[in-house]
Amino acid sequence: MLDVSIAASHAPEFPVIEGVDWTVQAGDFWVVGGSSGSGKSDLLATAAGLLRPVRGVHRLFGQELIQLDEEELIRQRRRVGLVFGNEGRLFNQLSIAENLALPLCYHRNCAAPEVRDRVEEILEHTGLSAMANRTPASVNRSLRSRVALARALTLQPELLLLDNPVRESDPTQRRWWIEFLSGLCAGHAVLSRRHTTIVVATDDFRPWLGAGEKFALIARNRWLTIGTRPALAGCAEPLLRELLHEETSP
Amino acid sequence: MGPPLKCRTAVDPPTGATYFAAVRNAPVSTPGFDSSSDVTQDRWARRYLNWIGWRILRLINTIRGLGAFGLITLGVMATKFKTASHVIHPLIRAQIHRAGVRLLPIVSFVALALGLVVIGQTVALLSRVGATTYAGTIMVTVVVRELGPLITALLVLARIGTAIVIELGTARALGEVEALEALGIDPIHYLVMPRVVGLALGIFSLTVYLILMTLVGGYLFAFLQDVPLMPGDYFSQLATALRWEDFVLLALKTCAFGAIIAVVTCYHGLARPLRIQEVAEATTRAVVESLVACTVLDALFIIVYLLM
Chain A
9 MLDVSIAASH APEFPVIEGV DWTVQAGDFW VVGGSSGSGK SDLLATAAGL LRPVRGVHRL
69 FGQELIQLDE EELIRQRRRV GLVFGNEGRL FNQLSIAENL ALPLCYHRNC AAPEVRDRVE
129 EILEHTGLSA MANRTPASVN RSLRSRVALA RALTLQPELL LLDNPVRESD PTQRRWWIEF
189 LSGLCAGHAV LSRRHTTIVV ATDDFRPWLG AGEKFALIAR NRWLTIGTRP ALAGCAEPLL
249 RELLHEETSP
Chain B
-2 MGPPLKCRTA VDPPTGATYF AAVRNAPVST PGFDSSSDVT QDRWARRYLN WIGWRILRLI
58 NTIRGLGAFG LITLGVMATK FKTASHVIHP LIRAQIHRAG VRLLPIVSFV ALALGLVVIG
118 QTVALLSRVG ATTYAGTIMV TVVVRELGPL ITALLVLARI GTAIVIELGT ARALGEVEAL
178 EALGIDPIHY LVMPRVVGLA LGIFSLTVYL ILMTLVGGYL FAFLQDVPLM PGDYFSQLAT
238 ALRWEDFVLL ALKTCAFGAI IAVVTCYHGL ARPLRIQEVA EATTRAVVES LVACTVLDAL
298 FIIVYLLM
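First to last, the sequence lines map onto chains A and B. The working numbering puts the first sequence at residues 9 to 258. The working numbering puts the second sequence at residues -2 to 305.
Treat the hints with care, since some could be wrong.
[Said to hold, decoys possible] Far from chain B by the CB rule (all over 12 Å, computed), these chain A residues: (1) S44; (2) S49; (3) F92; (4) V198.
[As the list claims (entries may be wrong)] Pair ranges (Cβ atoms, derived): (5) E129(A) / H83(B): 17 to 23 Å; (6) L46(B) / V65(A): 43 to 49 Å; (7) S43(A) / R61(B): 53 to 59 Å; (8) N100(A) / R99(B): 49 to 55 Å; (9) M74(B) / N94(A): 28 to 34 Å; (10) T80(B) / E176(A): 32 to 38 Å; (11) E176(A) / K77(B): 16 to 22 Å; (12) D125(A) / V285(B): 47 to 53 Å.
Think of the hints as simulated: they come from the structure by calculation, not from any bench. All C-beta atoms, glycine included, are put in the ideal place defined by N, C-alpha and C.
Build out the structure end to end from the sequences listed, making use of the hints.
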């Protein structure tokens, strides 16, 4: 649950989103829209516990983050998978398979061969098996986001936050993303058929209209909850029309 | 509603004081570089004082940031040394290899040059005045206590320290540090600790190697100059001049050099989000600060040696 004002990571003293009153229920599929630079990435980083809000209360899985010690905070953070925008912030000196193996090896304290099976399983589910030994820099930009998703899945997150994952994608890739994320939400084999809560931040609502269940906007530095799909039609916010790429009358 | 919270990642340094920010942002020029002729003496004095104050505050802020970063690193090393050992210990070994084994050729070259310059010349001079019995003492003082550790530290700083700032600065600029945090991996534990331990052990090992090469190589040069000093006499002088404190202080000094270089270079790479174009400037600053810190530490060790 978030009831906070979110700060920008480059200017932590000044809020970029005011009045975020947002509760995510288990199994939800949220789509949060906002124009470029509106603070979507900072919202997700704050939701994941990487940034602290300027003010307000941030509860993650029922626990107020400000009251947790470092160990507890890391434990809670591991329950959240964050897929960064801008090519996923992959570790460029490691291969794709090593990118996936790193969090597993670190938290299980084991060598890479011991997690090979799990890494191969995730790579297979995400369609990346053929490029396991390549470095992130050598694969297509749109596939790097998919590698970031695969890396986030290694820790079997209960909540998955994705920052504009289909921005660089062609229609085929976009379809894959939407089907895969819908599958995760409904219970996918890669996460042992467990329902995963999904939050997608985007600057284009259109691809997500079919998959998203709940919608919200960041408009003029304010948080605006729209609600479920039928509520979209009744929302008069001009930004929504822009994100739906609908013609607005002058 | 609680008080405003400042968001900060695990590796951010303490934020600067308000006064520091005000002084830093003030339009202050360096005295002596102001070409305008109508600047009154009063204004000039104020500018000069402002400039001195700005430099002092910047120094204090740097020391505070480095101190905080060093203490955080020390805390992580104390509490997490065995955590994720299957991941971290190979990284430590890689850093030792990088700051030790891979530098052997250049260290060998420098050791032979140092032997020629210092030992060859000194022993030759001592033999001319009939004071070759002091050769061992002079060698131990000059090479073992002073030049060996400092030259090795400078070589490692030039070859590895600069690379650390660039690779960590680039990783920070590309958001890899935040990615580590998002995966529940402590960036200090994963990125800094292996470099601190690796550089400390690497510089220690390289210094021992450089000293041995310098002492042996230097004697060979002296031998080629027909200096009347038998190898047995030379090495027994060295053994007599060396005390057990020399070994302890050598280990402490070299490990401290390694830790200082690693902490300063990691700090400049990681402490604040860098833009790619800022990485070069951060590298220069890190090299200068490492150099100053190592020299200051060396001076402190001279006091210890004098007290011995």
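Against the structure, the hints:
1. S44: holds, 17 Å
2. S49: violated, 10 Å
3. F92: The assertion about F92(A) is violated, with a minimum of 6 Å to chain B.
4. V198: holds, 17 Å
5. E129(A) / H83(B): 17 to 23 Å: Check passed, 20 Å falls within 17 to 23 Å.
6. L46(B) / V65(A): 43 to 49 Å: holds, 47 Å
7. S43(A) / R61(B): 53 to 59 Å: Given range 53 to 59 Å: violated, Cβ gap about 39 Å.
8. N100(A) / R99(B): 49 to 55 Å: With a Cβ separation near 21 Å, N100(A) and R99(B) fall outside 49 to 55 Å, so the hint is violated.
9. M74(B) / N94(A): 28 to 34 Å: At 33 Å between Cβs, range holds.
10. T80(B) / E176(A): 32 to 38 Å: holds, 36 Å
11. E176(A) / K77(B): 16 to 22 Å: Given range 16 to 22 Å: violated, Cβ gap about 37 Å.
12. D125(A) / V285(B): 47 to 53 Å: Holds, at about 49 Å.
Violated hints for the displayed structure, listed by number in ascending order: 2, 3, 7, 8, 11.
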